[in-house]
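Trainee: Take a look at the letters that make up each chain.
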Amino acid sequence: MTIPIPLPNPWNTSETVLIAILLLFFAAWGWRHGLDAAIIAGLIVIFGIWAAPQLAAPLGKIINAFYAFFILIVRGQFSMENWTAAINAQSQLMTAPVDVQNAESQSMQLFTILIFAAFAIIGFRYATKKAGGKDPFIASVFGLLGAAVVGYMCIRFILDRIFTFPQTVVIEESPIPAINIDAFLLIAVVLVLVVFGVQRSKPPTKKG
Amino acid sequence: MVEIQELFFILIIVMGIIGMVRGFLKELGVTLVLIATLFALDKLIPIINNFINGGGFGFLGLGPVPQTQTTDNLLFVLFGAMMVGATYIAYQGETLAYEGSNPRGIVGALLGFLIGAVNGYLLFGTIWWLANFYQYPFGLVSTQTMPTAAQQIINSGLLPMELLGNGATDLTSWGLLPFILVLLVILKVIR
Chain V
1473 MTIPIPLPNP
1483 WNTSETVLIA
1493 ILLLFFAAWG
1503 WRHGLDAAII
1513 AGLIVIFGIW
1523 AAPQLAAPLG
1533 KIINAFYAFF
1543 ILIVRGQFSM
1553 ENWTAAINAQ
1563 SQLMTAPVDV
1573 QNAESQSMQL
1583 FTILIFAAFA
1593 IIGFRYATKK
1603 AGGKDPFIAS
1613 VFGLLGAAVV
1623 GYMCIRFILD
1633 RIFTFPQTVV
1643 IEESPIPAIN
1653 IDAFLLIAVV
1663 LVLVVFGVQR
1673 SKPPTKKG
Chain H
3 MVEIQELFFI
13 LIIVMGIIGM
23 VRGFLKELGV
33 TLVLIATLFA
43 LDKLIPIINN
53 FINGGGFGFL
63 GLGPVPQTQT
73 TDNLLFVLFG
83 AMMVGATYIA
93 YQGETLAYEG
103 SNPRGIVGAL
113 LGFLIGAVNG
123 YLLFGTIWWL
133 ANFYQYPFGL
143 VSTQTMPTAA
153 QQIINSGLLP
163 MELLGNGATD
173 LTSWGLLPFI
183 LVLLVILKVI
193 R
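Going line by line, the protein sequences match chains V and H. Under my numbering, residues 1473 to 1680 are what the first sequence spells out, in order. Under my numbering, residues 3 to 193 are what the second sequence spells out, in order.
Hints are computed from structural coordinates only; laboratory data are not their basis. Note that the structure is a prediction, hence the values are computed from the model and not measured. Just to be clear, a hint being listed does not mean it is correct.
[To be verified] In silico lysine to aspartate or glutamate, EDC-like type, Cα no more than 20 Å apart, as pairs:
no., chain 1, residue 1, chain 2, residue 2
1, V, Lys1533, V, Asp1571
2, V, Lys1674, H, Glu101
3, H, Lys45, H, Asp172
4, V, Lys1533, V, Glu1553
5, H, Lys190, V, Asp1607
6, V, Lys1533, V, Glu1576
In isolation and in its complexed conformation, chain V is listed as follows (with noise of 0.2 Å):
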C-alpha cells in the first residue's frame, strides 16, 4: 500500500537536482584535489555528522552562559539560580538563544549545522593542504567519486535539519522485516579504499 504524504516544500526545486547541483561543487574538489584529499577529509566529515549533535547541548550552554550572564546583570536580576536556570534554557525570566532541552528546536538544529559546518570546513581545508597536490588521472576520477560522497553527507545532514521534502512512505506486509543497506554507496566505498591501497601501495620495480 503506498500512501503519499504531501509535506510543504518551500523550494520549486526537487531535492534530487538540488542535491545534484550542489554535489558538482564537491566533485569539481575532488577532482582537483585527487583521492588523498578526498578520504581526508571525508574522515573529518564523518567524525563532524557524528560529532555535532553530540556537542550542540554542551557548546550551546556556554553560549546561553555568556548571553544570560550579560543580560541578567543589565536587568539587575542576576542569581545563581536564575543564571543556571537560564544556561539549561529553563528560566522564566528571559528565552534562551539555544534551547538545549529540546534537541528538534530550531535553535539546537541551526547551532548542530553550524558545528558542523565548521568540522567540514577544517576538513576540507585540511585535506588541501596535506594532500591537495597534483594526482594522477585515476586518482582523480576516484578523487572526484569520494568527493561527490563525502558531499552527499554533507549535504544530507544539513538538508535533513531544514527542509522536510515531499516523501512516500511504501508500507509492505512482511513477517520478517527488510534490512535497508545502500549497496551502491556500500560499494563504492570498499572500490574507493581499493584504489586508496593501490596507490598507496609500492609498484614493482621495472625489469631490465
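Once you've looked at the hints, dock chain H against the given chain V.
Mentor: Relative to the frame of chain V, chain H by itself:
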C-alpha cells in the same frame, strides 16, 4: 548449535585475519578471481537451470529445478565446487596477484583485513546463496528453525549473488559485477 548467520560472520572475520597476514595486494588478486567467478556463475546458473527445466539432461534422471532435491544436490555440489576451486586457485597461484609492496603500517593491515573480509563475504556468501537457492542440500542446515536474522539477510538480498549480480535469474541485465571486474582489471593493468 551455531546459527548460519553467526557462522557466516565468523568465517568472514577469519578470512579478514588471513587477509591481514597475507597482505592487501595478494588479497586483491583473490578478489579479482572471485568477482570473475561470481559473474560467470551469475550467467551460467540460469542457463543450466533453464536447460534442465526444459527437459535437457533428462537421460541422467534430472528433474525440474528447484523442485527436485536430487538435482538440487547435484547442482549445489557442481557450482559450490566451481566457487571453492576458483578460490583455491586464486589463493594458491601468484599469477593474478597485484605486484608491488603492500602499504605499510596500520593502513596496510586494515586494508588487508578489509579485502580479506570482502573475499570471505564473496566466497561464503555465494555458498550460502547456492545452499539457499538449492533448498539446503544434504540436510546440512536445519531449515525448520531458520533464524529470523538469517531470513532477513536472505530476503533483503544481502548475499553477493543478489547484492552484486542479478540473483542468477535474469540473463538480460548485468548487475554491478562486470563494472567491478573491469575496474579491478584496470587497476592491475595501469600499475
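Trainee: So which of those numbered hints doesn't the model satisfy?
Mentor: none
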